[in-house]
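Please work from the sequences and hints to get the whole structure.
The listed protein sequences correspond, in order, to chains D and F.
The first sequence begins at 2 in my numbering and counts up by one.
The second sequence begins at 2 in my numbering and counts up by one.
Note that these hints are calculated values from the structure, not bench results.
One or more of the hints may lead you astray.
The list makes no distinction among identical chains, and a pair is therefore deemed to hold if it is satisfied within one copy or across any two copies.
Claimed, not checked - Keeping only pairs whose Cα atoms sit at most 25 Å apart, straight-line, the calculated PhoX-like set for lysine-lysine is:
id	residue 1	residue 2
1	23	115
2	235	112
3	396	264
4	235	115
5	396	332
6	288	368
7	95	140
8	402	95
9	354	44
10	368	350
11	95	112
12	263	213
13	354	396
14	203	264
Listed below are the residues making up each chain.
Protein chains: 2
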Amino acid sequence: MSEGRLSEFLQEISQDLDRSVKFWTDNSHDQENGGFFNCLGEKGEVYDDLKHVWLQGRQVWTYCRLYNECERFRTSEIIQAAIRGGEFLMKHAKVSSSSQKCALVLTRDGKPIKVQRTVFSECFYVMGMSELSRATGEKQYRNEALTMMDQIVHWVMEDNTELRFGTPTLPGQVPVSSLAIPMMLLCLIDQLETSVPDLGEKYSYVSEWSLKYALMHVQRDGTVILENVSPDGKELPGSVGRLMLPGHSIEAGWFLLQYARKKGIEDLKKTAIEKFILNPFSYGWDKEYGGLLYFLDVDGYSPTQLEWDMKLWWAHNEAMIAFLIAYQETKDTSFLDKFAHVFDYSYAKFVDKENGEWYGYLSREGKVSLRFKGGPWKGCFHVERCLLMCENILKNLIQNKV
Amino acid sequence: MSEGRLSEFLQEISQDLDRSVKFWTDNSHDQENGGFFNCLGEKGEVYDDLKHVWLQGRQVWTYCRLYNECERFRTSEIIQAAIRGGEFLMKHAKVSSSSQKCALVLTRDGKPIKVQRTVFSECFYVMGMSELSRATGEKQYRNEALTMMDQIVHWVMEDNTELRFGTPTLPGQVPVSSLAIPMMLLCLIDQLETSVPDLGEKYSYVSEWSLKYALMHVQRDGTVILENVSPDGKELPGSVGRLMLPGHSIEAGWFLLQYARKKGIEDLKKTAIEKFILNPFSYGWDKEYGGLLYFLDVDGYSPTQLEWDMKLWWAHNEAMIAFLIAYQETKDTSFLDKFAHVFDYSYAKFVDKENGEWYGYLSREGKVSLRFKGGPWKGCFHVERCLLMCENILKNLIQNKV
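Okay, here's the thing in structure tokens:
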């Protein structure tokens, strides 16, 4: 049924991409310091001048990816802003000169305010720098990306002492494997390989490790993805062990599907689609009001996260990507129908056609609850990555049909 | 108008207090380890066996306050459970034997899982131990409370290095005075004084410091209470500086009013009522759906907290206390009308007459969003403190009318 809508999808998405990129180019560039204002209101007004490092790295990546892969964004404005974002990060993201550890939040002129005891600031630093080196051909950006990548691999796979800033492990703490880590590593290796094909080989042991750890989150006879498991793949007790994030599982699903396609691993394709995309979509989609719920407890208790029943923009971006790749891969039209379902919900609820960009946070009932377009955890990334990927896949699908 | 309802309020509240205390005595006692299970579902089922130190200390306090001030709760069951809670805390709350620093979360058998770089676990430790010493006459509990209190005062007023676990202050960090700290100190001194009257004198310099720092949060010509200001009482830039928590301001209001009544400071009574209780109630009450909003931005931007528009039980508990004390103090019936307004909303939305205790978290529209009765931040405290205080005040009001 949705097959007749491919051109409609493409047109809507291309216009939305133009509008959303314009939102960021019009409002987010800090001409004085470099980098980006990422706390932007509904119409683009800067309501806070903090700079969140995840979002700085992601915006550099987004601008460069647009520049590299989409002719109409191959502009001097885009690449100059990306370079000024990359230079801002190189100059300010690292908290001290003796370590690769990056801040979580910086002042507008780059002074560190907060540090997180995880590797995500560093991961988005790698993404930004790697795509920037692909856009500019500059070796220094590539070296930055690789040095940081090796540090992340060391922290994750060998020794995380430095991340803990000297705080000892407490006697009651049990080791937890979170899905975010192997997902993120798979994403980074895909990124590095896109920029320099040989790097896939160099990091193949990390890919294998990540694959193994990602698949451990398939639990309860393959029916659910649990966000946190023990390092040997067992369920953990309590709320932390029962936690599910449907949108996050679906995102992991298309990362895994992309990996399986690249390597030609058929059973991994099947696992990615069935276990990581279809199941979480099925239990995560709100039967009453539509939209993907943010958090769920596998045994049906209330999650303890107050925002559990909100509908977050990024989960819907990830679902659109996942179903469109699944359709492209399998030609099974039921995936295109699901894509259409998420598309219709999103374009009715999240998209601001007047001002550009998507609203980020809806109530369970689907009303806009927070009106800003950029905030501490929302920047120029999920919307634009989704729209660019969907635009490219839709063009390819339409071309192959003719 | 609400004056004719005093007996109705008293009856409803007394029944609710019985029901709510029974919820905790029936379901929360850990017979094996001591302490309390504080993650309890709608009907009291333990859905997680983590023990949150704030809530352990608060439950010890609540049980002992009930035991000390309300004849029908002066039972062996209540005091024995409180003692087993206090012993559990003395044995397990402190992370190491060489420091007073307490954990935030413990395993059911008392191993530390998380530590917070603030003083709140320690504050609720003081509250619990102090009221326990009042209930039992045991000097060791009193000494525990006082040793911890002196440590907290040192951390807050002199040197907080130990709280930071060796992490250096980052160059972009600016000092922030949060309303929670002086509020908490006023609450603790009131507690210690209730147990041992002379202690008010001993800590009068801390009371004065707290009063000064609490009043700094009255901003914009006295129209609003801002949650965070600079240490010299100026507005801070960005979302952090514009943040308002109406329920928290109202709680601070009745702490200040109580202090002002004790000391007989007339202008402080006026400030407490007008600036901390009436104004926040006016801008915090949701005109569309009723209930107190959780977070607001003073300039009308969306707060960045996803749960900003939820209705939290404790804010309504604090508002009930505040308006009833204000009425008792001033005899102005408009305060009793406001009490009735909050009472009616709460008893229509939060109270679970079937199973006991209040639901904690409603959506903006007033539907129960998280169904548990106890969770990481909700235990046996706000509901019971409110109901006990309101019961006592209502009895006093009814008696004085006859």
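Hints versus structure:
In this homomeric assembly, residue 23 and residue 115 never come within 25 Å of each other (Cα to Cα): the closest approach is 30 Å inside a single copy and 43 Å across copies. Taking the shortest Cα distances, residue 235 and residue 112 sit within 25 Å of each other only across copies (21 Å), while inside one copy they are farther apart (41 Å). Taking the shortest Cα distances, residue 396 and residue 264 sit within 25 Å of each other inside one copy (24 Å), while across copies they are farther apart (76 Å). For the identical chains of this complex, residue 235 and residue 115 are inter-copy neighbours only, at 22 Å across copies versus 33 Å inside a copy, given an alpha-carbon limit of 25 Å.
Taking CA atoms no more than 25 Å apart as the test, residue 396 paired with residue 332 passes inside one copy only; the shortest distance there is 15 Å, against 73 Å between copies. For the identical chains of this complex, residue 288 and residue 368 are neighbours both inside a copy (16 Å) and across copies (17 Å), given an alpha-carbon limit of 25 Å. Within a single copy, residue 95 and residue 140 get their C-alpha atoms as close as 19 Å, which meets the 25 Å cut-off; across copies the closest is 51 Å, which misses it. Proximity of residue 402 to residue 95 under the C-alpha cut-off of 25 Å is found in neither arrangement, the shortest distances being 49 Å within a copy and 68 Å between copies.
Taking the shortest Cα distances, residue 354 and residue 44 sit within 25 Å of each other inside one copy (11 Å), while across copies they are farther apart (46 Å). Taking the closest pair of Cα atoms, residue 368 and residue 350 come within 25 Å of each other both inside a single copy (7 Å) and across two copies (21 Å). In this assembly of identical chains, residue 95 and residue 112 lie within 25 Å of each other by CA distance solely inside one copy; the values are 10 Å within and 34 Å between copies. In this assembly of identical chains, residue 263 and residue 213 lie within 25 Å of each other by CA distance solely inside one copy; the values are 17 Å within and 65 Å between copies.
Taking the closest pair of Cα atoms, residue 354 and residue 396 come within 25 Å of each other only inside a single copy of the chain (22 Å); across copies the shortest separation is 59 Å, beyond that limit. With identical chains, the CA atoms of residue 203 and residue 264 are at most 25 Å apart within one copy only, with a shortest distance of 15 Å there and 73 Å across copies.
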